[in-house]
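**Student:** Going line by line, the protein sequences match chains U and V. Numbering follows numbering that gives the first Met the number 0, in which position 149 of the first sequence is assigned residue number 148; successive positions increment by one, without gaps. Numbering follows numbering that gives the first Met the number 0, in which position 231 of the second sequence is assigned residue number 230; successive positions increment by one, without gaps.
Treat the hints with care, since some could be wrong.
[Stated by the list, open to error] Incomplete in silico selection of chain V near chain U, CB under 7 Å: (1) D145; (2) V148; (3) S156.
[Unchecked claim] Here are the simulated EDC-like cross-link-like pairs (lysine to aspartate or glutamate), alpha carbons at most 20 Å apart as the crow flies: (4) V:K93 / V:D119; (5) U:K266 / V:D187; (6) U:K266 / V:D88; (7) U:K266 / V:E109; (8) U:K266 / V:E172; (9) U:K266 / V:D233.
Derived from the structure by calculation, the hints contain no laboratory data. Backbone N, C-alpha and C fix where the C-beta goes; we use that ideal spot for every residue, glycine too.
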Amino acid sequence: MRPPVLLSAHGLSAGYRDGAGIRQILADVDLDLPENRIVGLAGESGCGKSTLALAMAGYRPPGLRLLGGSVTFRGETITGLSTRRLRRYWGRRIAYLPQDTATALNPALRIGRQIAEVFQLHKGLDRRDALAAGADMLGRVGIGDPERAMHRYPHEFSGGQQQRIAIAIALGPGPEVVILDEPTTGLDVTVQALVNALIVDLIRAQRMTALYVSHNLALLAVLCDELRILYAGQVVEAGSAEQVYFTPEHPYTSGLVAAVPHHLDGKPVRGIGGTPPQSVVLDSCAFGPRCGFRAEGCAVPVPLALRPNGREVRCVRAGEPALAAARVTDAAFGNGAAAGLPAPGNPAPLLAATGVSVSSPTLAGP
Amino acid sequence: MTALHDLSFSIGPGEVVGVVGESGSGKSTLLRALAGLLTPRAGTLEVNGSAVPWPCGRRSQDIRREIQIVFQNPDASLNPRQSVGAIIDHPLRKFRPGLDTDQRRRRILEVFGQLRLSPDLLERYPAALSGGQRQRVALARALIADPAVVLCDEITSALDVSVQASILELLGELRRASGLAMIFVTHDLGVLRAVADRALVLEAGHVRETGVVSQLLETPRHEYTTTLVRSIPDPAAHHAEQHQGGSDETRVPRRLRRRPRLDGLRAGEAGHGRGRAGRRPLRYR
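Only chain U is shown next, with the shape it has when bound in the complex (with noise of 0.2 Å):
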């Protein structure tokens, strides 16, 4: 049984204006956001991802147009809302939490007041509340000693500490509906690992509703629930994460799952040739040009098929066992990098370098 759907995108298409005529960067996208479940949204840079998760917002940027379709918040058409009604669900309802997050934060204000402002605007606090609830919100996100952060400005922290304050101004009024736009990237691994830990955390703890957009694969397979994979401005599959990422059935989806280099296992990484294309393809399979599967029944506009499986594909060749067969499985490869070239250690070294300390910046003349 699924549970009633917060968010949800009706057949959105949209463009951008190029010159005289308007490059289509949607097509027809369904996109439901299930209450208490966390979807992720993946695929490569020009798929329309974050123009999509901004949709989804209510959010239109300068130069998009809206081409069709609508998203409902509850029930309710939130877009084409005047900025001004969209202001009711911004930050209270739906909160938008952006990848560069340095830039989410206001470097002239001081933590405490653009913390505390999101309490008293979204839950009517007055300001000494509003100030507690930021320190008490600070410190959930691990900021250490919160009260003295929020006498202090942004550029005071590092970029983790930066993407957790910004993460607790979104999170902290306890919005309904989370769209966090690849929230983790350009942050050390393990900075990462402790923010997608905290998102999740404080996302299950407060039983929020979530789209977490990303392009690696296997961080949302195991931070989300459902996934969908957006290629060319259109789904092109639908279904739980673990199905989605363990036994892909778009032959994009297992050239994303084969493109990602593993650290335990040697499989050999593979990369999808080509490029996705500047716009949507609506006449035939957009995906045909680089997929090694095409076949004459490509050319024809595809739809997204919901299989007797229960996954939704949109690939005309969905099932058939010769793409099964071509998904890279872990256990198949043994460890490719090391294997057949020379032994470690070799007697007589190329380069070699000894001792070597370099204490302050010493940069060497031309």
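Since chain U is already given, all that's left is putting chain V on it; use the hints.
**Tutor:** Structure of chain V alone, referenced to chain U:
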């Protein structure tokens, strides 16, 4: 600039040595020193058994040719006002002055072929290329004069996963074809596994662990390496955990059982990467 403390390592012909660590670990400092862009306070450098001075200005032309570097961001390392052809030709003129125009052109086309770059791109400017093409041009510039070792500083981390995968594939082919040796700096352990034979784990300028990559990642010995490995999302381990039938079935949903403790997170707040090793972040390995 991060300090380095008494670091020693060597690389053999055809070998790829990875350098991993987080920002501030000294990865880039090490590469810059090897490239002759900064001079360490102490330490010696030998290439093919003979001592080499640190500053690039005091190195012989031949040593400069032998050690090439590729940076993370091709937008910053390729001159936007020069055509791709001019960018590639420059090191060839400098390091192979004996070649005439025809021979240089042949060499350029050969390297372009290896890197799967179309000769049409030679006329274009970096701005007209995709990110993956730009990084391959930067690689071509490093490879053109046939170096002994290429220093790679996070060369795939600014690229999309699919583009990164094609570059990693390409590096594998180059190694098999020409026995190229590389020192490969990365913060991505998956990338490390895909390209390197051996690796150094750096933390705050200290080498924490060295070893064969597969062993280093599968059975890390140093606490910091363990932390790095555990920070990588591992769907297979997560999947196994979700589906193991536990006899101690409690009321807590499985996905909530292994959540991180925030008090531990606070303790680790001050430093980069210290004091966190003992904890298991949520559903990461």
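**Student:** It remains to establish, for every hint, whether it holds in the given structure.
**Tutor:** Hints and how they fare:
no. : hint            : verdict
1   : D145            : violated (14 Å)
2   : V148            : holds (5 Å)
3   : S156            : violated (9 Å)
4   : V:K93 / V:D119  : violated (24 Å)
5   : U:K266 / V:D187 : holds (15 Å)
6   : U:K266 / V:D88  : violated (36 Å)
7   : U:K266 / V:E109 : violated (29 Å)
8   : U:K266 / V:E172 : holds (15 Å)
9   : U:K266 / V:D233 : holds (15 Å)
In summary, the structure is inconsistent with hints 1, 3, 4, 6, 7 from the numbered list given earlier, while agreeing with the others.
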